[in-house]
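Q: Letter by letter, the chains look like this.
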Amino acid sequence: MTTLTWRYRGGVAARTLAAVGGGYVLTSIASALLAIALPLPRADAVSIATLLSFVIYTCIILWVFATGSALRAWTGVAASSAMLGAVLWIVGRMA
Amino acid sequence: MSVLILSSAALAFSGFAATSITMDRHYADIHGRGAEPSPSTRLRLRTLGWIGLALSFMACIGASGWHIGPVLWCGILSLAAWSVTLLLQYHPRKVMQGAWIGLPAALLTTALLLLR
Amino acid sequence: MKDGLRQSMAWVHTWSGLLVCWLLLLVFMGGTAAYYKHEITFWMKPELHKAADAPSRVTPAESATLAVRELQQRAPKANAWFLDLPNERNPLIYASWTNPPKKGMSREERRAAFRTQNFTLDPLTGEKTAAPRDTRGGEFLYRLHFDLYYMSAIWGRWIVGIAAMFMLVAIVSGVITHKRIFKDFFTFRPKKGQRSWLDAHNATAVLALPFHLMITYTGIVTLMFMYMPAPTKALYGSEQNTMFSEVFPNAERVKPAKQFAPLADVAPMLLQAERVWGAAPSRVVVTNPNDANARIELHRPAGQQLSNIEPTMTFDGASGAQLSGPKPMSTSLDARAAIYGLHVAHFADPLLRALFFVCGLAGTAMVATGALLWGVKERQKYAKVVANGGKVGFGVRLVDALNIGAIAGLPIAFAAYFWANRLLPVEMAERTNAEANWFFIAWGLAALLAQIRPTRAMWRIQLTLGAAMLAGIPLLNAFTTDTHLGVTLFGGPGLRPVATFDLVVLALGLLLGWAAWWLGRKAKKQAVAKQQANPAQQPPLEAA
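Protein chains in written order, with my numbering: chain A, 336 to 430; chain B, 300 to 415; chain C, -18 to 525.
Everything labelled a hint here was simulated from the structure, so no lab data went into it.
A portion of the hints provided could be inaccurate.
Taking lysine-lysine and the DSS-like style, the derived pairs with C-alpha atoms no more than 27 Å apart in a straight line are [claimed, not checked]:
| # | chain 1 | residue 1 | chain 2 | residue 2 |
| --- | --- | --- | --- | --- |
| 1 | B | 393 | C | 173 |
| 2 | C | 358 | C | 372 |
| 3 | C | 372 | C | 160 |
| 4 | B | 393 | C | 172 |
| 5 | C | 505 | C | 173 |
| 6 | B | 393 | C | 372 |
A few chain C residues that don't get close to chain B, going by computed Cβ distances all over 12 Å [to be verified]:
| # | residue |
| --- | --- |
| 7 | 139 |
| 8 | 161 |
| 9 | 170 |
Every residue, glycine too, gets a C-beta built ideally from N, C-alpha and C.
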């Protein structure tokens, strides 16, 4: 059993934030991009993307806690959010 | 319609009963500690078990269509699985005996489905 | 959190489950009850029972005509009428209407107005039934499980939605971490302490896994646009209304022309629908009655499809001519509606509905056994401390108390709600609020007492109280109404829901009673074992 050091608690807190908060941001960006990318009428795309978003969110949360370290978790979520966020911004400007 | 549903339930029970018996732990529940099913028994019972479950699915489709049928099947599977689980704990022999109901149920189901 | 996927998923499963399990118990119990919300409401309005007893020999077309006649008298200027025609679950004619809200009305006034804008008709006589007591019936339990209470609906929905996400994560992580999911499939070994709780948790969870996964995911989907607005923002910007009108293409209401036109006869419309569908419409919605732009929309009865959006047949309310059918929905929109429909299960016939109910109970048991398992496991870490006269840690005590308050306390709350329905004076003001308050008063007391004394004795007291209150409801019914089991078991099909309610609460009460008894036996056995062990035990050595 891991002793409850402050380092451990810090790790848990960091991962929780990455999963719940960062995960929500990343999911929002990813599902927004998905909605835009789907070659369907708007109503269909928004429905499918929103439906899938909760699957995406669940996967992100599980990955954050499964991955090797809290740092990796944050890096992964932050980098993906930044990258996809940039794509989303560019697409938004192009439209 | 409800005959098909009853058949589906019987088939699900029988299917789960058959597959559960092939598991070492539950074979031992029935036949005594350390007993293990022979490979041929295992294969036979597993095949029959899965056929029973597949027929159970078809019976639900026959009863309620392709949309609601699968939903109904999931509910029937849960009930059947719980029944087998409790029986294996409290009356293990009855699992083996009860599994036989799959045969008449299979015949009935096939007949009913072919007749539509 | 550590090495190995299984270990990290075990950690996630424990915490995502534990942090919300007591709220989830409320959600599961309320939601499971909600599958029978119509029957519960009917049970809670005994004044309606007499009218429902006589078999209805009135056709749906006649029922609709009766209702329209009454509505013309009571609400000719309403902006919409809603008629629910008699069926197996509802033997009476229910009609309600909405008026355009008067300027300056507060939300409370509007709600109060809406709740009085309805009546019930006896289909046999066409007369209004005796006025039922003011109660929200099963609707309260239904709303409770996603709106919560004593807070704005938005807050409740966010809290429940977050809890549902926790639950979804708990389910998936639980499956990943369950190493022997196939080997343990049929395994249940009672009387083995922690192992037995784990087996119970596995059996209630894994053997109804499709249901649990479905109900959790679809639950989130019911409010998905609120929880995840990003795709909508991306494709529609701030025009959310446009999104709704495109995703729900048949929900539009035509505006009134403000020009009088007598309403066409609905009876032939119902007959036509029955010819086309092979079954009479279940619901009739009249928009802008007595207006040139009146519309009469007939809804096909549920049971043929998963989607909760039933096909409709619309007629011009002034001319009576049938208008073009509903806009067809694309596969994606149908899929969304089917996913939503799976959660509310309108399509479920009595057998399937009973299966949903049983699986809902299993879900409740899954959450409960999970929470209990954590307590048992954690308590073992304090075994030595307790043996030496010490106390368990704060976490264990808190979880024990919360477990009692929720697992044993919630049934008491449900029972209190039904007892309040029978015992509160019929004519009292704010009756619906009072009934709801009694739910929470009972729950609050149970939870408070549990916090003060989270002991096994408290478990038995609360389980016994819950058992007595639930199993006592049929008796209460006999003392407070004419439609008790002695009557309803032998009455017409219209009273069957009342009999079933009595029998189900009786069964649940007996189940709780058995649990209380079992706990008592266990305590006796442990006490006996302790006594026998004591003479043989050497005085404990000084702890190192």
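Q: If a hint holds in the structure, say so; if it does not, say that too.
A: Evaluation of the provided hints:
The hinted pair formed by residue 393 of chain B and residue 173 of chain C meets the criterion: a straight-line CA distance of about 23 Å does not exceed 27 Å. With a CA separation close to 16 Å, the supplied pair residue 358 of chain C and residue 372 of chain C stays within the 27 Å bound. Taking the CA atoms of residue 372 of chain C and residue 160 of chain C, the gap is near 34 Å; set against the 27 Å cutoff, the hint is violated. Only pairs whose Cα atoms come within 27 Å are accepted, and residue 393 of chain B paired with residue 172 of chain C is accepted, the gap being roughly 21 Å.
For the proposed pair residue 505 of chain C and residue 173 of chain C, the alpha carbon gap of about 17 Å is at most 27 Å, so the pair holds. The suggested pairing of residue 393 of chain B with residue 372 of chain C is violated, with an alpha-carbon distance near 46 Å, which exceeds 27 Å. With a least beta-carbon separation of about 29 Å from chain B, residue 139 of chain C lies farther than 12 Å from that chain, consistent with its non-interface assignment. Residue placement check: residue 161 of chain C does not keep its beta carbon more than 12 Å from all beta carbons of chain B (closest about 10 Å).
With a minimum CB-CB distance of about 7 Å to chain B, residue 170 of chain C fails to clear the 12 Å threshold, and the non-interface call is violated.
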